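**Q** Next come the chains, spelled out residue by residue.
There are 2 protein chains.
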Amino acid sequence: MNPEVLLSRIRVVLCRTSHPGNIGAAARAMKTMGLSSLYLVQPKQFPDPEADTRATGAVDLLQRAIITSSLSEALVGASYVVALSARQRDIGPALGAPRETVARLLSEAERGDVALVFGNETVGLSNEEILHCQAAVTIPTNPDFSSLNLGSAVQVLCYDCRMAAFAERPPHVDAGVTPFSSPAATHDEIEGLYAHLESVMTATGFFNPKQPGRLLPKLRRLFGRARLERDEINILRGVLAATEVRTGHGRKG
Amino acid sequence: MNPEVLLSRIRVVLCRTSHPGNIGAAARAMKTMGLSSLYLVQPKQFPDPEADTRATGAVDLLQRAIITSSLSEALVGASYVVALSARQRDIGPALGAPRETVARLLSEAERGDVALVFGNETVGLSNEEILHCQAAVTIPTNPDFSSLNLGSAVQVLCYDCRMAAFAERPPHVDAGVTPFSSPAATHDEIEGLYAHLESVMTATGFFNPKQPGRLLPKLRRLFGRARLERDEINILRGVLAATEVRTGHGRKG
Numbered sequence: 047m048n049p050e051v052l053l054s055r056i057r058v059v060l061c062r063t064s065h066p067g068n069i070g071a072a073a074r075a076m077k078t079m080g081l082s083s084l085y086l087v088q089p090k091q092f093p094d095p096e097a098d099t100r101a102t103g104a105v106d107l108l109q110r111a112i113i114t115s116s117l118s119e120a121l122v123g124a125s126y127v128v129a130l131s132a133r134q135r136d137i138g139p140a141l142g143a144p145r146e147t148v149a150r151l152l153s154e155a156e157r158g159d160v161a162l163v164f165g166n167e168t169v170g171l172s173n174e175e176i177l178h179c180q181a182a183v184t185i186p187t188n189p190d191f192s193s194l195n196l197g198s199a200v201q202v203l204c205y206d207c208r209m210a211a212f213a214e215r216p217p218h219v220d221a222g223v224t225p226f227s228s229p230a231a232t233h234d235e236i237e238g239l240y241a242h243l244e245s246v247m248t249a250t251g252f253f254n255p256k257q258p259g260r261l262l263p264k265l266r267r268l269f270g271r272a273r274l275e276r277d278e279i280n281i282l283r284g285v286l287a288a289t290e291v292r293t294g295h296g297r298k299g
Numbered sequence: 047m048n049p050e051v052l053l054s055r056i057r058v059v060l061c062r063t064s065h066p067g068n069i070g071a072a073a074r075a076m077k078t079m080g081l082s083s084l085y086l087v088q089p090k091q092f093p094d095p096e097a098d099t100r101a102t103g104a105v106d107l108l109q110r111a112i113i114t115s116s117l118s119e120a121l122v123g124a125s126y127v128v129a130l131s132a133r134q135r136d137i138g139p140a141l142g143a144p145r146e147t148v149a150r151l152l153s154e155a156e157r158g159d160v161a162l163v164f165g166n167e168t169v170g171l172s173n174e175e176i177l178h179c180q181a182a183v184t185i186p187t188n189p190d191f192s193s194l195n196l197g198s199a200v201q202v203l204c205y206d207c208r209m210a211a212f213a214e215r216p217p218h219v220d221a222g223v224t225p226f227s228s229p230a231a232t233h234d235e236i237e238g239l240y241a242h243l244e245s246v247m248t249a250t251g252f253f254n255p256k257q258p259g260r261l262l263p264k265l266r267r268l269f270g271r272a273r274l275e276r277d278e279i280n281i282l283r284g285v286l287a288a289t290e291v292r293t294g295h296g297r298k299g
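In order, the protein sequence lines correspond to chains A and B.
The first sequence begins at 47 in the working numbering and counts up one residue at a time.
The second sequence begins at 47 in the working numbering and counts up one residue at a time.
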């Protein structure tokens, strides 16, 4: 597939960014590398003149940026989502190295929209946000000074995306995934499954929302690793719907 | 060799930087990747509070930065010098891709100090400055928007340096150079050769300083590609000194 098209399918999602200047720097970084799709989840201050200044000639990306109130909203339609994270979380996808992770991201982009998710400058992504992602990536830094600027982190990963998009790739780089027989499920389809699952587990008494423990994160982690196809979502939801009928919680008999 | 030691041997040389904020951003970018040696050639405004602000925890690099009045001064003792350039110059080293060029830079750092040279934000490096460098590198960008921020360019190349330093490298990655039998010549030794050569060529009438044409740049390009060893410099200068004696321009008979 045309490298420019692949790059256009990569969303950059910035969550709860504090400094508008960093949003501008991210837009500039994206555009220099041929990315164009910017999502802002609850930006603290946006639009803002400081964002425009730092974006220089990439103000068009800011103008077209999509602002959402949750990460989930920003990921609707995306079928593969990578979180930037400085550390491995107890529950969450394994941290990958940039080039390998980006190679996989580009390979997934052949099938549809994908996303790179960046957290707040100070606190990063929440554990809950990380669990919306199928993979996590860390940028190796000096252990004595790992304070990578947000714009710089966006620059580095967008650069790796461009290098990967234009690199000669073997025809079937699938990073361990068997070729999909049905389209990859999108984020919203997967979220629909999780909601359905939670509802059924609650109805069946397996899951107690008042004492949730780590059950839901563990399920997210499992399905995140599995990379669900749309057909599989349909099958799983069919199973859940059937369970509802049997336990009397379904809509209809 | 220890990757940290290799990284410590890479100088980042910023030439005629206009905005002190970019110097700070460069320092921060360097430190996150484990580089520490910053040279500033005729910075427009430095030190400056904006540089400190953008450097955050990398102010120590700014404090230890070495300020020089020429690129040549900043390169004393460096044996391999790479220029960042957006375009191929008529005369000048061939533009390489970042990863290959950085791999070579790291390989050269096994032998001694090396440098990455960045030009002014607006005009880049002059042709004369490029000719002080043995290699040139370009960061592939969107042809419709190649306006990479200086701090971002430093970030990308320092990132590639860190990745290369910590990558498993085959024992003899020499990027086409045969192993050196004598230490690589340093920048000042090479400049000494050029000055000597120019003087002899002028004395012999081969070179007319009033109509210089492209002779000197072409010689720089040639020797830049050749990657001179110290012994070779000694030999060449011996040849020149002998010529001087013969033509009566030497110090003594």
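Just so you know, the hints here were simulated from the structure itself, not pulled from any lab data.
Since this is a predicted model, take the numbers as computed values, not measurements.
Even for Gly, the Cβ is constructed at its ideal location relative to N, Cα and C.
Just to be clear, a hint being listed does not mean it is correct.
[Unchecked claim] Selected chain B positions facing chain A (in silico; Cβ < 10 Å): (1) Arg-74; (2) Lys-77; (3) Gly-80; (4) Leu-81; (5) Asp-94; (6) Ala-104; (7) Gly-142; (8) Arg-145; (9) Thr-184; (10) Thr-187; (11) Pro-189; (12) Arg-208; (13) Glu-244; (14) Ser-245.
**Q** Check the structure against each numbered hint from earlier and tell me which ones fail, lowest number first.
**A** 5, 7, 9, 13, 14
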